[in-house]
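These protein sequence lines are chains L and C, in that order. For the first sequence, position 229 (counting from the first letter as 1) is numbered 229 according to my numbering, and the numbering increases by one without interruption. For the second sequence, position 274 (counting from the first letter as 1) is numbered 274 according to my numbering, and the numbering increases by one without interruption.
Calculated from the structure, these hints are not laboratory results. We treat Cβ as the ideally placed atom computed from N, Cα and C, and that holds for glycine. Treat the hints with care, as some may be off.
[Claimed, not checked] Here are some, though not all, of the chain L residues that point toward chain C, as calculated from beta-carbon distances under 8 Å:
#1 Gly13
#2 Asp14
#3 Val27
#4 Phe97
#5 Gly157
#6 Met160
#7 Phe173
#8 Ser181
#9 Asp185
#10 Trp206
#11 Gly230
#12 Val281
#13 Gly284
#14 Ile286
#15 Leu297
#16 Trp301
[As the list claims (entries may be wrong)] Simulated DEER-style distance windows between Cβ atoms:
#17 Ala192(L) to Asp248(C): 53 to 61 Å
#18 Ser245(C) to Val37(L): 47 to 55 Å
#19 Trp48(C) to Met160(L): 46 to 54 Å
#20 Val19(C) to Phe151(L): 24 to 32 Å
[Unchecked claim] With a cut-off of at most 25 Å between alpha-carbon atoms, the simulated BS3-like pairs for lysine-lysine come out as follows:
#21 Lys182(C) to Lys12(L)
#22 Lys10(C) to Lys195(L)
#23 Lys195(L) to Lys17(C)
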Amino acid sequence: MAIRTKAGEQRKGDRAFRWITASCAAVVLLLIAGFFVRLVLSCRLSLARFGWRFLVTSDWDAVAGQFGALSSIFGTLVSTAIAMLIAVPLSLVIALFLTELAPPMLRRVTGTAIELLAAVPSIIFGMWGLFVFAPFMAKYVEPALGRSLGFLPLFRGPPMGIGMLTAGIILAFMILPFISSVMRDVFQMVPAVVKESAYGMGATTWEVTRKITVRYGVRGLVGACFLGLGRAVGETMAVTFVIGNNHDMSASLFAAGNSIASTLANEFTEAGGDLYPSALVELGLILFLVSFVLQVLAHLWLKSLTRSMGAGL
Amino acid sequence: MIHRPALGRKLADRLVKVVSACGALLGILALAWILLVVIQKGAAAINWEFFLHRTLPTGEPGGGVGNAILGSALLVGLAVAFGVPIGLMVGVYLAEFGRETRLGAAVRFSANVMMGIPSIIVGLFVYTLIVVPTHTFSGWAGALALAILMLPVVARTTEDMLQLVPNALRESALALGSPRWKVTFHIVFRAAKVGLLTGVLLAIARISGETAPLLFTALNSPYWSTTLNGPVANLPVTIFNYAMSPYDDWVRLAWGASLLITVGVLALNISSRFILRRSSHE
């Protein structure tokens, strides 16, 4: 009898334990839903006032009470595009180096260095960008680009160092570790037998990579790019330091601009009244939705890939 | 049979090898450049005053970031106190109960997505949740924002580490009649101890340098923080404010603070890696 009561108590304890952990797990779901609900509730004013026009106008005038997200969206797109253009090929060759080419000793050193690059906080990239990299760009890189490619409107204007191009390049270095680590995992998923048979037929390393590894893992590589894109879109501090924080849109990559995240970081604590903060929260809502969709797509994509390839990513 | 000259193929191969080695070198150089600059400029700012004095208003010479160091430690400590227990429990659910359940799949997916949500959005969320109703920026809000950032990281690493523990261990403990919670905390946790510690260390490293979520929550303060009900001085926001200021003294302090954060974050990363490697050798 005594034993049975104890077993019954134990079952109750186990159920309670399971219930407690499950409710903690549900907190994660609540938080994601909470982000959405709180942000929507807090920007009602701006949503009602501007409607869809918010997305397509670029006026940003706190005094006149006119707000439009276009210049911030434009800046986010441009800086992200520059970052992806640089980071994707660079991550690809780094992942290639780490899986196929480097001797084991070098592989460990390089791998650790790239992972530590991912650990460097955003604000440190910002300090380095503002005080070291931007002057470097202004002195060497931008004048050279202006001389050689100045016929394009992209590379016209005074080389100030602070601007879209600098922000994009720094972003590239920040997302590079994330993309290359997923790419490395993808490369490692390619069965060795497949590669070895190609080597056995006399293919060079590059031929094996181009025709076997990349083709086998192309969907994984796309997923890696999506993950990097999701990171780049929301990167805040480093961009805020070097993008120049200007609400004008310019065709030149040398010009100062802003991004959604940098506008938030710069203006939110100083925003007075009701409408101004509300418009800023709506900017945040746009950023949240974009990065949420990107993350969901990337993870669904990688998950289906993992299932079809039968290995863990 | 198509015949292609071997020389061209070999040259292309050699070229790609050189390019990819250069790419890797570029990544290492970027890290080295950043570290060198931070060490060189940061070391010049570090002295006793830097650690012991509080931030001073413009015009007054001297001053340090002692209050910001203390405030940062407080915020991170509090975030660990909130975030780690819940994160561990989420990980326990995912690994012990939710491997096949629908809730488990949803939470696992959401945690992955949440890790990619920009940290400034988390700051904005906590602002609307706490700062607006209480009408004041506060240390509590800052700590909560950091805890939310930690949560998915701790949860996912905990799950991964617990899954490495062989099922036979759980089954033998259950067969002896121990309740599930005892099996989890006394057997499974002990087997996965090192991995769990690494996960927590990495999560701390991740939040110690975060600036964006603190901008609208803990804000910053020039004073020693005696209460968490008001703005709390912290290193990242101090760096942001001082770096943008026109005063050389403040910029120097910002570099010192940058060095402190970089050393802290990288040390946490390297030591957790070291712990993990040493234990897997045993």
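Return the numbers of the hints above that this structure violates; sort them in rising order.
5, 6, 8, 9, 14, 15, 16, 18, 19
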